[in-house]
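Asks: Chain by chain, the residues run as shown.
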Amino acid sequence: MVYLTPLLALLLTVLTSTIVFSLLGVNPLEALENFFIKPIDNQYGATELLVKATPLILCAIGLSVGFRANVWNIGAEGQLTMGAIIGGGVFIYLHDVESVLLLPAMILMGAAGGALWAAIPAFLKTRFNANEILTSLMLVYVAILVLSLLVHGPWRDPDGFNFPESRTFSESATMPILMEGTRLHFGTIIALLAVFGTWIMLSKTLVGFQVKVIGAAPKAGSYAGFSQKKIIWFCLLFGGAMAGLAGVSEVSGPVGQLLPSISPGYGFTAIIVAFLGRLHPVGIIFAGLLMALTYLGGETAQINLGLPVAVTGVFQGMVLFYLLACDVLVNYRFKMVRFGKAAS
Amino acid sequence: MSGMDWIVPVILTVITAATPLVFAGIGELITEKSGVLNLGVEGMMVVGAVTAFVTATVTGSYILAVLAAALSGAFMAFLFGILTLSLMANQVATGLALTLFGVGLSALIGQDFVGVPVDAIAKLNIPGLSDLPVVGPIIFGQDPLVYLSLVIVALVSWFLYKTKAGLILRAVGDSHDAAHSIGYSVIGIRYLAVMFGGAMSGIGGAYLSLAYTPMWAENMTAGRGWIALALIVFATWKPGLVLIGAYMFGGITILQLHAQAAGLDLPSQILSMLPYVATVVVLVLISKDESRIRKHAPACIGKIFHPAA
Numbered sequence: 006m007v008y009l010t011p012l013l014a015l016l017l018t019v020l021t022s023t024i025v026f027s028l029l030g031v032n033p034l035e036a037l038e039n040f041f042i043k044p045i046d047n048q049y050g051a052t053e054l055l056v057k058a059t060p061l062i063l064c065a066i067g068l069s070v071g072f073r074a075n076v077w078n079i080g081a082e083g084q085l086t087m088g089a090i091i092g093g094g095v096f097i098y099l100h101d102v103e104s105v106l107l108l109p110a111m112i113l114m115g116a117a118g119g120a121l122w123a124a125i126p127a128f129l130k131t132r133f134n135a136n137e138i139l140t141s142l143m144l145v146y147v148a149i150l151v152l153s154l155l156v157h158g159p160w161r162d163p164d165g166f167n168f169p170e171s172r173t174f175s176e177s178a179t180m181p182i183l184m185e186g187t188r189l190h191f192g193t194i195i196a197l198l199a200v201f202g203t204w205i206m207l208s209k210t211l212v213g214f215q216v217k218v219i220g221a222a223p224k225a226g227s228y229a230g231f232s233q234k235k236i237i238w239f240c241l242l243f244g245g246a247m248a249g250l251a252g253v254s255e256v257s258g259p260v261g262q263l264l265p266s267i268s269p270g271y272g273f274t275a276i277i278v279a280f281l282g283r284l285h286p287v288g289i290i291f292a293g294l295l296m297a298l299t300y301l302g303g304e305t306a307q308i309n310l311g312l313p314v315a316v317t318g319v320f321q322g323m324v325l326f327y328l329l330a331c332d333v334l335v336n337y338r339f340k341m342v343r344f345g346k347a348a349s
Numbered sequence: 367m368s369g370m371d372w373i374v375p376v377i378l379t380v381i382t383a384a385t386p387l388v389f390a391g392i393g394e395l396i397t398e399k400s401g402v403l404n405l406g407v408e409g410m411m412v413v414g415a416v417t418a419f420v421t422a423t424v425t426g427s428y429i430l431a432v433l434a435a436a437l438s439g440a441f442m443a444f445l446f447g448i449l450t451l452s453l454m455a456n457q458v459a460t461g462l463a464l465t466l467f468g469v470g471l472s473a474l475i476g477q478d479f480v481g482v483p484v485d486a487i488a489k490l491n492i493p494g495l496s497d498l499p500v501v502g503p504i505i506f507g508q509d510p511l512v513y514l515s516l517v518i519v520a521l522v523s524w525f526l527y528k529t530k531a532g533l534i535l536r537a538v539g540d541s542h543d544a545a546h547s548i549g550y551s552v553i554g555i556r557y558l559a560v561m562f563g564g565a566m567s568g569i570g571g572a573y574l575s576l577a578y579t580p581m582w583a584e585n586m587t588a589g590r591g592w593i594a595l596a597l598i599v600f601a602t603w604k605p606g607l608v609l610i611g612a613y614m615f616g617g618i619t620i621l622q623l624h625a626q627a628a629g630l631d632l633p634s635q636i637l638s639m640l641p642y643v644a645t646v647v648v649l650v651l652i653s654k655d656e657s658r659i660r661k662h663a664p665a666c667i668g669k670i671f672h673p674a675a
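Chains S and B, in that order, give the protein sequences. If you read the first sequence in the working numbering, its first letter stands for residue 6, the second for the next number, and so on. If you read the second sequence in the working numbering, its first letter stands for residue 367, the second for the next number, and so on.
Quick caveat, the hints were computed from the structure, so don't treat them as lab data. Source: prediction; values computed, not measured. From the three backbone atoms N, C-alpha and C, an ideal C-beta is built for every residue, glycine too. One should not assume that every hint holds.
[Said to hold, decoys possible] To give a feel for the contact side, a few chain B residues facing chain S, derived at Cβ under 8 Å:
1) Asn456
2) Val469
3) Leu471
4) Ala473
5) Ala488
6) Asn491
7) Phe506
8) Trp592
9) Gln622
10) Leu623
11) Ala627
12) Leu630
13) Leu632
[To be verified] Cross-link-like lysine-lysine pairs, in silico, DSS-like; alpha carbons within 30 Å at most:
14) B:Lys669 / S:Lys234
15) B:Lys489 / S:Lys234
16) B:Lys528 / S:Lys235
17) B:Lys654 / S:Lys224
18) S:Lys235 / B:Lys669
19) S:Lys235 / B:Lys604
[What the hints assert, rightly or not] Non-contacting residues of chain B with respect to chain S, defined by C-beta distances greater than 10 Å in every case (computed):
20) Thr425
21) Gly468
22) Leu495
23) Trp524
24) Ala596
25) Ala625
26) Pro633
27) Glu656
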């Protein structure tokens, strides 16, 4: 049942969307074809799916570890932005350096930047008991404003006609392309490694065990001597680092420079990906691909059918809604009871 | 008098910036008092904002627009209720889902209305009184929603602490098992509380799109729903303090407008960060005292109610 409900939720979402499509005056079958089949019926489309899934999977894998331990970091979008800023900043200051070490340095600093941004809610939670949901979310807005400040000011491209964007990243600051003629880049490999590493961490290491115990039974965790605060720190730093990786792999991959807006809400959609993937590394890969498909499908449907791009957001929200509703089937067992005979 | 000319416009903008927070905050206060944590305030607000805006442009009636916003917010909250109260889903995850869904849905509804102009809700104009210096525009020259927000805070305060129904609501929030055992419908009461919260968030959103900045833009709530949630912690779940907190945050929000006018040479982004940074700082200051939070927070907040059959 645990693994069936995501499929059930998806089915219900598709059924509901056919109604939405009809209301928008579009043939539902045609809309579904444009949403789910057309974007990936060719090789380029299939690689684009991986390009879009990469940041989603990275953010979601980081969030999933926190969610398992009831650490509600919902600021992945901000940590992604900070990863892009710090990782991209390495290039901004070393832009005339041609070195094979430049990209690795950027990737490391990107992860560090995300972790640093997530360290703020971790510190405020463990030291001052401040709710991490609210603090991590507030920091999303702050990070986006920091990025805007930098690309409008000190980091603006000196030859860029005053547009608010940084210089374009040089060859040695750009993720290697994995397949000629596509945008598929090395970041996808990083994401897969992260998924694999997280799987090992959760199933084979003590800290992974502690995460699961503290999430499932906090009291048992403290009885076993596991430190709640240590796990909060770990979950936030890990989630922040993953989101930071996503950010730096976006700006040194498909985006190619720092812009005021570098993500169409990957950090928020990743929350849906994490839940839809049942907080499990393998599930997250599938969920990440599916949510990536909704981004591509939204674009295709806009071009071919004139559907608004916002349909993507509605679709994504609906999937999570239905999933949470269907989970009643996982958590409880229904029983038919006749009146008067209940309460046995 | 002439040196103080700036005071009246500053107070007026503080009021407009604070009013959406007052609505959303007081609504969520009732929701939380019943023991439910609805993190979907942002989503309900943004749907309220778009509903109000579309209704106002199509029908031309602001009364209908505000009513429609309240209904749309209450409907969103009803969905939240179905999931968390009837299907016993996790409240944190469902609230997040509500926000993500609301942001998408509002963008879909409002796509044809971006950039369409409307007139701001008319301000009260009592000949004679509204023309008085200082007190005229501040006390007698607001739009009807500002007065409504103050009336609602007063009513909620009276309801919670002076009526039997309010006592029952608090009982449900503090001990749902006890309330259930003496025969109150925990789920029914929570549905009402959650939907009241949704309706208020919807009106808060309507205020944004009809009065604060009379227009529609995607994501125009810009985190105000989350600030409203922080406000309740700040207010330690007391209606009067929600009001004061909302006006404080309103003051911080408009600081950026007036700091620039006053010739303060800071990048606009730094000033725009202020409300978010202030929210974090305030949360830290209040949450530091763990026992105080424990004493004031509804004891059953966020807990699933599952009556033993």
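Asks: Next, verify each hint and record whether it holds.
Replies: To see whether the hints hold, each was checked on the structure:
1. Asn456: holds, 7 Å
2. Val469: Interface hint status for valine 469 of chain B: holds (6 Å vs cutoff 8 Å).
3. Leu471: OK, holds: leucine 471 of chain B within 8 Å of chain S, min 5 Å.
4. Ala473: holds, 4 Å
5. Ala488: violated, 31 Å
6. Asn491: violated, 37 Å
7. Phe506: With a closest approach of 36 Å, the phenylalanine 506 of chain B hint is violated.
8. Trp592: holds, 5 Å
9. Gln622: violated, 11 Å
10. Leu623: Leucine 623 of chain B check fails; min Cβ-Cβ to chain S is 16 Å, beyond 8 Å.
11. Ala627: violated, 20 Å
12. Leu630: Violated: closest Cβ of chain S sits about 16 Å from leucine 630 of chain B, beyond 8 Å.
13. Leu632: This interface hint is violated because 10 Å lies over the 8 Å limit.
14. B:Lys669 / S:Lys234: holds, 22 Å
15. B:Lys489 / S:Lys234: Violated, at about 52 Å.
16. B:Lys528 / S:Lys235: Between lysine 528 of chain B and lysine 235 of chain S the Cα gap is close to 45 Å, so the pair fails against 30 Å, i.e. violated.
17. B:Lys654 / S:Lys224: Within the cut-off at roughly 22 Å; holds.
18. S:Lys235 / B:Lys669: holds, 25 Å
19. S:Lys235 / B:Lys604: violated, 33 Å
20. Thr425: holds, 20 Å
21. Gly468: The assertion about glycine 468 of chain B is violated, with a minimum of 7 Å to chain S.
22. Leu495: Non-interface label stands for leucine 495 of chain B: nearest chain S Cβ at 40 Å, farther than 10 Å.
23. Trp524: holds, 29 Å
24. Ala596: violated, 5 Å
25. Ala625: holds, 15 Å
26. Pro633: Since the minimum Cβ distance to chain S is about 6 Å, proline 633 of chain B lies within 10 Å and the statement is violated.
27. Glu656: violated, 5 Å
The structure fails hints 5, 6, 7, 9, 10, 11, 12, 13, 15, 16, 19, 21, 24, 26 and 27 (numbered hints given earlier, in ascending order).
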